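Q: As they're listed, the protein sequences go chains H and V. Per this note's numbering, the first sequence starts with residue 2, numbered consecutively. Per this note's numbering, the second sequence starts with residue 10, numbered consecutively.
Note that these hints are calculated values from the structure, not bench results. Since the structure is predicted, the reported quantities are computational estimates derived from the model, not experimental observations. Virtual Cβ for every residue (Gly too), placed ideally from N, Cα, C. Some hints here could point you the wrong way.
Chain H is nowhere near these chain V residues, computed Cβ spacing over 10 Å in every case [said to hold, decoys possible]:
#1 R43
#2 D106
#3 A118
#4 G195
#5 T198
#6 G239
#7 I310
#8 D391
#9 Q443
#10 H444
#11 V460
#12 G474
#13 D516
Chain V is faced by these chain H residues, among others (derived, beta-carbon under 7 Å) [as the list claims (entries may be wrong)]:
#14 L14
#15 D15
#16 T22
#17 I23
#18 M37
#19 M40
#20 G64
#21 H65
#22 D67
#23 A75
#24 A79
#25 A80
#26 P81
#27 M83
#28 P93
Here is what each chain is made of, one letter per residue.
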Amino acid sequence: MKPKRILMAKTGLDGHWRGPTIVARALRDAGFEVIMIGMATTAEIVAAAIDEDVDLVGLNIGGHIDVALRAVDAVQSAAPDMPIFAGGTIPPHACKQLEAKGLEVFPPGSMLTDIVDSANRLTGLSTAP
Amino acid sequence: MRPKDPQDTVQACSDIPLKSYYTAEDIPASHAERVNVAPGEAPYHRGFHPSGYRSKPWRIFQLSGFGKPEDENERIKFLLKNGETGFIMEHDRNTADHCYNVDHPEVLARREDVGLTGAVMQSVRDTAICLDGLPMDTSFGHAGGAVVQHAPFALAAYWAVAKKRGYDLSTLAGTGQSDFNLTYLGCVTKQQIPTDAGLRFNGDIIEFCTEHLPRWVPVSIAGYNGADTGLTPDQELGSLFANAVEYLDEIQLRGRIPLEVAARACGGVSFRASIKIFEEACKMRAARLMWSDLLKERYDIKDERVANLRIHCVTAGSKMAYQQPMNNLVRGALMAVSAVLGGVQSLGVSGYDEALSIPSEHAHQMSVRIQQILMEETGLTDVTDPLGGSYYVETLTAQLVEKSWAFFEEIQTRGGYLACLDSGWLHAKAEENQHKEFMQTESGAANIVGVTMAHDDSSPFEIDGFIGTDDAFDVALERLKEVKRTRHEKGAMRALKDLERVCRGSDNIMPVMMDCLEAEATLGEVGDVYREVFGDWRTPIQC
């Protein structure tokens with residue numbers, strides 16, 4: 002079976018790469034194809050999600066939640082069925098805002114196994130527990 | 010964490026096996042003769058002053074800033090009122106690190122992010138607001154400019170404000186940063202001048218300070234930014250000195266200022282103080298010893314005032330947990346203990362809300378209080394190098410020195426520190442270590458309290474992250490228009506032309522950067538000159 006493809010992008014202009022790189026490695030180890038585009042604007046994220054024909058979008062969020070919410074809205078509007086998950090330095094109130102839009106959210110301290118489980122679920126490789 | 014079996018191997022972070030106890034026999038012969046020196050004697054692992062903290066307490070020095078320049082000013086005043094003994098100006102990452110004005114498309118696309126991590130300072134007017142009423146003449150100030158391409162602008166802005174206030178630059182004490190680890194390893198930017206241009210900038214800053222600001226630390230290498238990206242303590246040390254020799258070799262090649270002066274200038278560094286208390290304390294001791302040996306052996310510098318490595322420490326941000334954040338007060342205190350046991354000169358304790366946001370006022374206050382408690386109540390300051398002579402500590406110090414030099418040499422065989430940034434070799438090292446560390450937590454081989462054990466879903470101490478002000482972008486945009494409308498336009502354009510000419514040649518960039526700031530040229534305009542002349546660094550990692 003063709004591996005599922007995941008787009009990973011950072012919504013902010015803050016280049017801390019430790020988190021997304023570790024997550025990308027775990028996802029690749031689990032058999033996913035990961036396309037990392039780094040720091041990207043909303044328009045770039047939407048374009049990459051479509052052009053790369055991905056099955057899942059992962060957002061690394063380190064800045065203001067409104068910037069991330071705008072990216073989420075744009076992806077959901079361009080590709081209504083596209084699942085999205087997010088991770089990063091996201092305070093509780095912002096996690097709730099993302100969850101309200103249907104995202105699975107992984108703040109600091111999340112386990113990589115949980116993130117991989119989520120990717121499997123969101124790309125239809127496994128069903129919800 | 011306790012091993013399953015007491016006989017199991019326990020490793021230090023630097024991959025050094027630890028015994029369950031140590032005796033005099035364990036201290037390597039090469040180090041044994043050095044154990045008996047007193048603090049104040051070469052090679053200075055025991056500290057540079059016999060009276061240590063009795064004569065000079067460490068500087069309480071917290072990263073601070075957000076929002077508009079006046080928001081940052083208010084927070085700095087709050088910290089000073091609470092007992093901070095120097096001040097640090099944080100700049101907004103979006104604009105400062107990239108040398109963009111707020112009207113740059115990359116910033117416009119993320120306008121809500123502006124001001125989240127530091128104040129927006131696009132012209133000398135903004136810097137003046139941030140510094141309003143701050144004791145520039147008596148206090149040790151960090152002007153910002155942590156990222157290499159931003160440093161000349163941030164320093165010149167600070168100095169231009171000082172000049173306008175009537176201060177003699179030669180009397181100012183403070184520090185720049187211009188850190189390669191941050192810029193090219195730990196927190197890579199979307200756009201940045203290449204490393205060779207960065208080396209030239211740092212050489213220029215060192216030379217300029219030598220001539221005009223002898224009490225200023227021109228550049229400050231931050232081992233912290235390597236360590237919190239994943240480098241182990243030995244790698245943090247090895248890469249820091251590999252970085253230092255790039256600066257010193259450059260200065261030697263130029264031959265314009267005495268090497269001793271440059272070496273003294275490069276001797277203000279920072280390290281991460283992490284959670285393994287003894288290994289971190291040993292790291293600070295090892296650092297002083299290595300600097301002293303390096304200067305003597307590589308550059309034949311024996312002047313002991315030059316060998317005085319001054320260390321600032323910041324406690325490890327990545328060790329602060331998101332879950333049960335009050336636990337971080339304990340972590341911050343213990344990491345600070347490791348730094349103090351290591352005899353550092355300056356300290357910042359990360360906020361208990363570090364994993365959620367920049368520090369709230371309360372988190373900032375607690376970071377200061379932790380330091381005050383250590384300084385005033387605990388007796389940690391009574392005796393210099395209190396760990397000196399411990400079989401374990403002396404052995405681990407010597408082992409760290411040996412491993413760190415091996416890493417230093419490995420970097421040299423790969424073309425030096427800059428080459429290892431350009432090729433991504435250091436990034437790969439850091440990533441490998443991060444992965445290992447994560448896997449230890451995932452597998453249950455290492456625990457984090459409140460995260461992998463001792464869960465408590467009903468913690469009464471929930472916090473929700475600090476949010477600064479919401480008008481930083483709008484105000485910055487207005488002020489940008491204002492400065493462009495009311496400055497002497499021809500003067501600003503002339504200064505920028507001069508800057509371009511100097512950038513294309515080999516003269517020192519700093520005099521013309523002072524002209525640019527005094528002529529009210531803006532950050533983005535300066536950045537445009539860099540982008541035109543130097544182009545962009547080819548980032549070796551995808552992130």
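Q: The structure should be examined with respect to each hint, and the outcome stated for every one.
A: Verification of the hints:
1. R43: Holds: least Cβ distance 36 Å, greater than 10 Å.
2. D106: 8 Å, violated
3. A118: With a cut-off of 10 Å, A118(V) comes too close to chain H, as the shortest Cβ separation is near 4 Å.
4. G195: Incorrect as stated: the minimum Cβ-Cβ distance to chain H is 7 Å, not above 10 Å.
5. T198: 5 Å, violated
6. G239: Non-interface label on G239(V) violated, nearest chain H Cβ at 7 Å vs cutoff 10 Å.
7. I310: 36 Å, holds
8. D391: Non-interface label stands for D391(V): nearest chain H Cβ at 37 Å, farther than 10 Å.
9. Q443: 6 Å, violated
10. H444: 6 Å, violated
11. V460: With a cut-off of 10 Å, V460(V) comes too close to chain H, as the shortest Cβ separation is near 4 Å.
12. G474: 3 Å, violated
13. D516: 31 Å, holds
14. L14: This hint holds: L14(H) lies near chain V, its Cβ roughly 5 Å from the closest one there, short of 7 Å.
15. D15: Because about 5 Å separates D15(H) from the closest Cβ in chain V, which is inside the 7 Å limit, the hint holds.
16. T22: 6 Å, holds
17. I23: Holds: closest Cβ of chain V sits about 6 Å from I23(H), inside 7 Å.
18. M37: Holds. Min distance 5 Å.
19. M40: 5 Å, holds
20. G64: Holds - the Cβ of G64(H) comes within 7 Å of chain V, reaching about 4 Å at its closest.
21. H65: Given a least distance of 4 Å, the restraint on H65(H) holds.
22. D67: Status holds, d = 4 Å.
23. A75: Given a least distance of 11 Å, the restraint on A75(H) is violated.
24. A79: 16 Å, violated
25. A80: 20 Å, violated
26. P81: Where the cut-off is 7 Å and the nearest Cβ of chain V is about 23 Å from P81(H), the hint is violated.
27. M83: 20 Å, violated
28. P93: 5 Å, holds
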